[in-house]
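Taking the hints into account, I'd like the entire structure generated from these sequences.
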Amino acid sequence: KAGVTQTPRYLIKTRGQQVTLSCSPISGHRSVSWYQQTPGQGLQFLFEYFSETQRNKGNFPGRFSGRQFSNSRSEMNVSTLELGDSALYLCASSLYGGVTEAFFGQGTRLTVV
Amino acid sequence: DQQVKQNSPSLSVQEGRISILNCDYTNSMFDYFLWYKKYPAEGPTFLISISSIKDKNEDGRFTVFLNKSAKHLSLHIVPSQPGDSAVYFCAATENSGGSNYKLTFGKGTLLTVNP
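Just so you know, the protein sequences line up as chains A and B, in that order. With the working numbering applied, the first sequence corresponds to residues 1 to 113, in that order. With the working numbering applied, the second sequence corresponds to residues 1 to 115, in that order.
The hints are simulated quantities; they were obtained by calculation from the structure and are not laboratory data. Be aware that one or more of the hints could be misleading.
As the list claims (entries may be wrong) - Derived list of chain A stretches under chain B, where covered just means 3 residues or more per stretch with a C-beta under 8 angstroms from a C-beta of chain B: (1) 63-77; (2) 105-112.
As the list claims (entries may be wrong) - Calculated lysine-lysine pairs in the DSSO-like style (CA-CA distance at most 30 angstroms, straight line): (3) B:LYS68 to A:LYS13; (4) A:LYS13 to B:LYS107; (5) A:LYS57 to B:LYS107; (6) A:LYS57 to B:LYS54; (7) B:LYS54 to A:LYS13; (8) B:LYS5 to B:LYS107; (9) B:LYS68 to A:LYS57.
Beta carbons: idealized from backbone N, C-alpha and C, even for Gly.
Spelled out as structure tokens, the structure:
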């Protein structure tokens, strides 16, 4: 059974640009959550999607957005990139959103220069 | 405002000894707690969890203890093995039986088990 797949693995962008990250959950999983990991703040919750609906959102500015498609794949978008957006972005999938059965992908390392 | 705190950034123990990783929380609404393990270049992997109605949960070499009055939990690894060397994250969630699917993480503790 394939795990959670995140693409791309590494990304370098310039300040002011926008970026789109992709997450393919485990087959059959309908919930996808996104987290940002930075050395200073640790892992912080961005948002969670279930059946194409955002059910919960963390304390991030509106520049951070996401969506989920009918096949449960999810994308997150960051517009007007800032240096502080440099981080590892992790996606987790689960059947219905239960935290114990959430499986994380390897993450996308975003560097903003 | 750090609601989940892991005050030790790192811990070093000898192989075969006990590793104790600590975690404190401030939000009294948290009702479910989890430990994740993370190797470099990989995503976090779920290790063990505990509900707030319990004070101990055991799974093989891993035991989690919860002290609700002190808002403190700990992860014990006995015996520690070199393969346990990783970053350990404590996480918590509130309303786990309802509609909140958000995990609040601590900043992690790097465990090094020396052969």
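Next item on the list: Tell me, in ascending order, the numbers of any earlier hints that this structure violates.
Entry: The structure breaks hints 1, 3 and 7; every other hint is satisfied.
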